[in-house]
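Engineer: Protein chains in written order, with our numbering: chain R, 1 to 436; chain G, 1 to 303; chain H, 1 to 296.
Keep in mind the hints are simulated off the structure, nothing from the lab. Mixed in with the good hints, there may be bad ones.
Sample of chain R residues facing chain G (criterion: CB under 10 Å; computed from the structure) [stated by the list, open to error]:
| no. | residue |
| --- | --- |
| 1 | 47 |
| 2 | 255 |
| 3 | 259 |
| 4 | 288 |
| 5 | 292 |
| 6 | 424 |
| 7 | 431 |
Distance ranges between label pairs, derived from CB positions [claimed, not checked]:
| no. | chain 1 | residue 1 | chain 2 | residue 2 | range |
| --- | --- | --- | --- | --- | --- |
| 8 | R | 53 | H | 79 | 15 to 23 Å |
| 9 | H | 72 | G | 86 | 32 to 40 Å |
| 10 | R | 289 | H | 65 | 32 to 40 Å |
| 11 | H | 25 | G | 188 | 14 to 22 Å |
| 12 | G | 188 | R | 419 | 54 to 62 Å |
| 13 | G | 37 | H | 122 | 46 to 54 Å |
| 14 | H | 25 | G | 147 | 26 to 34 Å |
| 15 | H | 117 | G | 26 | 18 to 26 Å |
| 16 | G | 105 | H | 198 | 41 to 49 Å |
| 17 | R | 163 | H | 45 | 37 to 45 Å |
Each residue gets a CB set at the ideal place from its N, CA and C atoms; glycine is no exception.
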Amino acid sequence: MHDLHLHLLRHRRSLQRWGLFFGVFLGVILTSLLVMAQQPVTLNLLMTAPDAQPWKQGLIRDFETQNPRIRINIIEGPNATNLLEDLYTSAFILGDSPYDLINMDVIWTAKFASAGWLLDLTDRVSPEELQAFSPKDVEGGRYNDRLYRMPIRSDAGMLYYRKDLLQEAGLQPPETFADLIRISKTLQEKDAAQWGYIWQGRQYEGLVAMFIEVLEGFGGFWVNPDTLDVGLDRPEALQAIAFLKDTVKEGVSPPGVTTYQEEETRRLFQGGQAVFLRSWPYVWPLANQEGSPVKGKIAIQSMVHAPGQTGGSCLGGWGLGIAKSSRHPKEAWTAIQFFTSREAQKRFILNAGYVPSRRELFTDPEIVAKYGHYPQLLEVVDQAVLRPPIAQYAQVSDILQRYLSATLTHRLSPEQAMQSAAAETRRLLESGKQAA
Amino acid sequence: MAPLTLEQRDRRTAWMLLLPAVLLLLLVFAYPIGRAFWLSLFTKNLGTELQAVFSGFTNYGRLIGDGRFWQSFWATIVFTTSAVILELLLGLGIALVLNQKFFGRDVVRTIAILPWALPTALIGLAWAWIFNDQFGVVNDILLRLGLIRNGINWLGEPALAMVALVFADVWKTTPFISILLLAGLQSISPDLYEAYSIEGASPWQSFRRITLPLLMPQILIALLFRFAQSFGIFDLVAVMTGGGPGGATEVVSLYIYSTVMRYLDFGYGAALVVVTFSLLVIAVAIVSFLLSRSSHTKHSGAA
Amino acid sequence: MTTISNSQPIATSQPSRHKPKMTWRSILLPIAVVLVALFCLAPVLWQLQTSFKVNQDISAVPTVYFPTRYTLSHYIELFTRRPFWRYILNSAFVSITSTALSLAIGAPAAYALARLRPRGEKIVMAGILIVTLFPGILVFLGLLEIVQVLHLGNNYLSLIIPYTAINLPLTILVLRSFFQQLPKDLEDAARVDGYTIVQMLTHIVLPMTLPALVTTGILTFIFAWNEFIFALTFITREDLKTIPVAAAQLGGSSAFEIPFGPIAAATVLGTLPLVLLVLFFQRKIVQGLTAGAVKG
C-alpha cells in the first residue's frame, strides 16, 4: 500500500513535471509565433553587385520607411548578367530558390515563366495601369499572354554620332545604311576621325542585340514568337550581314570590330576615334563626363534603316517578377507596386541616372532638366524591337551568335551560315512544338 | 534446414560487406547512366514547359545536325590527344630523371607530384592569370626575350586558347603519369641492364629494348586513365576560358553542362550524355584490348 | 605484383653506373632536375607572389618580378568581404566526412573482394574498374534529378554522397591490394579462435592496415577537396560553397576588372592544405596511387 502510494505520488510529480514542460513549450511556440507575426517579413532580391549600391541607397530605403513591416534583403550576385541568369537557374532547378523578388533581364522572362518558376501577375494589374509603360517593355514581360514581369528599368540600343563633326562638314545625320557608310567615308577621308562606325561584333549576346536592329532595318525577322517561324535564311538577313561585312570591307569599321564588346567600342568612341557608335544609354553619361574628349559633342538617334523601312532599337532592360516558391507573394507585390510607381521611379532616376520604364518620366520637366537627352531617348525606345520572347531564347540566341560570328570572321559564307542557323533553330523549336 | 557450410556463410558475409558499396555505386553511377538512356528518348525542355514527352530518336536526329556538338566533339578530341601525348612524353622524361640518383632526390620527387594534388579549378585560375593578355607573365617573358613585339591575347584567340589549356593540363597531370611510370621503372630488374651493357649496348639501345617494352603496361594504364579523364575535362576549361572564345574551347562536357543547366534541355542533354558515354566506352575498349595484348606479348617475351 | 615503394635503392638500376666516360650525364642530369623542379613549382610560386603584391605591382607593365612592397590586403579582403572561413570549413567538412564514409564502406568491400571470393566477384571488380574511368559530367544529369527529388539541393549530403561514391573504386582497389599482402595465417588463427569475419575485420585486419587506411584516406581527401562540377551545381547558397567553386566565382564577380590579387590569395588558401599533405605524405600518396592504378 505504502509503496503504491509513493509510486502514485512520484507518478503525479512526474506528470506535473511533464505538464509544466509542455506548458512552457507551448508558451514558447506561441510567443515566438506572435513575435514572428509581428516581425518584419524579409524579401530576398538578387542583383548584380554594381546595381546593389544605388538600389540600397535609393529605392530600398524609401520603401522600407514606408513599409516598416517589410525588409528587403539585397543579395549581391556576379556582375556579368549571364552569370546572374545561371545563378537564378541553378537555384530554381534545385527547387529551393532563396529569392522572392526576381530581378530579370528582358530576355529571361519567357524562360523563367515557361519553367514554371514565376507567379502569374496578370490579374494583379489592370490594362490601364500597364498603359503607363512602354508597350514593348510590357510585352517583354509576357509569356503565353500572361504577365510575369513588371518593367522597372528600360534600355535600348541606339546610334550615337559626333554632331560636331557632322555640322562642320555640313552633313545631316544619317537615315539609311548607305548614308551611314557614305558619311563615315567622307569624314574619314577628311581625317576627322580614324573610323566611321563602331559596333559590337564579338560572339556574345550583344552581337545578336546589335544584329536584330540591322535586321529590323532591312525589314527582316529572326523568330516569330507566335508561329515560331524562322526568318534567318531569308534575303533580309543576308542583306543585314552584307551591310555589316561592308562596313569592315570599306574600311569604315576596324577589322577588330568582330572581337569587340560594349566597353571596347565605347573607349574608341569616347576617345574621339570614331564618328558613329551603336550602343546603349549607359554610354551617354560616361562620354559626357569631365575630361572626356567628346564631351558635349555627341548626339543620339535611333538606328538607321534601309529605304522604306523603319529603324529598330533592341530592347533591353530590367523588370521584377515574383518567385512561385516565395512565401510572401503579397509583400513582394507591394514592393513591386512601389518600385514601379511614378514617384519612386522618378526619385530613383534623378539619383541613379537609369532609364525609366514609365513613358511620362522621359519628358518629366525635372528629369529633362537633369538629363536633356531623355526626350530623344523616348523616340528610340518607341522604336524598340524585342528579341523573340520565346521559352528557348537562350539556345536560339547561342545558335545565331555562333553562325553570325562564323560568317563575320569569314569562316562561313553568309548563305551557308544563315542556312545552318535557320535549320538548327527550326529543329530546336520543332522538337518542342511537336511534343507540345 | 541444413546448416550452411563455412564457405557458404563466408560468401553470404562477403555480400553483406560488399552490399553498401555496390548499392552506392549503383545509385551514383549506374542509375544516372541508365536514366540518361531512358530520358534521351523524350523531349523535356522549355518548349514543353519541362514536361517529358516521348519523342523517340528525335534528340539523336537533332544531334547529328547540331554543328555545335560536332565542334565541341572536335575540340575535345584535339584537347585530349594533344594533352595526353605531351603528358606521356614529358611524364616519361620526368620519370627517367627521377629514377636517377642525385642529391635531394626525395625533395624533387615531392615537388614533382605537387601539381597533381592541387585543385584543378584553382590551378585554372592561376594559369588564366599567367596567360593574361595584359599583365600575364608569359607575355612579359616572351616580350623580354624579344620573341614577340606585342602581347599575345592567349585566351582570346581560338587556337592559342587551346594551346594554353593543353599547357595547363599538361602541367597539372603529367605528375600522375610520371608517378606511375617511375613505379614501373623501379620494378625493372637492374640485372637486365647489366647484361645488356656487357654486350656493348648504348643507353639509347637499352632504353628501346628493355625500358620501353617492360614499361608498356604502365604506359597503357596511364594512357587509359588520362584519356578518360581528359575526355571528360570540365573544371579547367570552365575556369580558364569558359569554352570561349566563340566556343573554340568548348569541350563536350561544357556543352552538356550548358544544355542542362542553362537551356534546361534535359532530353537533349541526356542524348549528349549517351553519345559521349558510348564513345568513351568504345575508346576504353580499344585501349584495354591493346593493354591485354601488350601484357600478353610481354609475358610471352619474358618467358 | 607487390606494391612498389619508391624508397627502394635505385642506384643499382642505373645502366651507366660503370661507365665514367659518360660525363654528359653529370651535366645534363642537374639541368634536367632543375627544369623539372622549376616546371612544377613556378606557377604555384608565381601565384603565391601575386597574392602578396600590391595592386599597382600586379597590373604593372612590364611585369614586376622582385616587388619592393608586400601586402596582406588581398587575404584580408577575402575574409572581410566574403565568408571565406565558411568556404574552408565547408570544404574540410565535406572532404573529411566523405573520406570517412568511403573508408567505412570501402574497407569491408575490399576485404570481401580480397579474401572471401563472393559470387559475382569478377563482375563487381569489372564494374569498379570501369567506374574509375567515368567523368563526372556523365552522371551529373541523373544525380541532379536525384537531388531534385530528394530535396538535397544546398545540402552537404548532395556533395558527400557523390564524393563517397566517386572515391569508392579507388578505396576498394588500394585497400584490396593491401589486404591481399597480409599474411593469411593470422586470420586463419583468428578463425580457429572463433572470431566472426566482422570481428576479425574490425579487431585484427583493420588495425594492422592502419597505414593503408591513411594512404587511401589522403587520396580520397584530395579528390573530394578538389571536386568542382557537383559543388558548382548542387550548391548555390553562399554559406555552403566549397573553396574551388567560391574561388572560381571570384573571377566572374566582376565583368570588367578581374580581382587578380584576391583570386591569387584564394588559390593559395585553397591549395595550402593539399601542399601540406603532399609535403608530409609524399611517399604514401605515391604508394597509394601506384597500388590503385597498377593493381587496377
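Engineer: Look at each hint and say if it fits the structure.
Structural biologist: Now the hints, each set against the structure:
1. 47: Result: violated, 20 Å to nearest chain G Cβ.
2. 255: Not OK, violated: residue 255(R) not within 10 Å of chain G, min 14 Å.
3. 259: Status holds, d = 7 Å.
4. 288: violated, 27 Å
5. 292: Status violated, d = 23 Å.
6. 424: holds, 7 Å
7. 431: holds, 5 Å
8. 53(R) x 79(H): 15 to 23 Å: For residue 79(H) against residue 53(R), whose Cβ atoms are near 22 Å apart, the range 15 to 23 Å holds.
9. 72(H) x 86(G): 32 to 40 Å: holds, 38 Å
10. 289(R) x 65(H): 32 to 40 Å: holds, 37 Å
11. 25(H) x 188(G): 14 to 22 Å: holds, 19 Å
12. 188(G) x 419(R): 54 to 62 Å: holds, 59 Å
13. 37(G) x 122(H): 46 to 54 Å: This hint is violated: roughly 24 Å between Cβ atoms.
14. 25(H) x 147(G): 26 to 34 Å: holds, 31 Å
15. 117(H) x 26(G): 18 to 26 Å: Taking Cβ atoms as reference, residue 117(H) and residue 26(G) lie about 21 Å apart, which means the hint holds.
16. 105(G) x 198(H): 41 to 49 Å: holds, 44 Å
17. 163(R) x 45(H): 37 to 45 Å: violated, 54 Å
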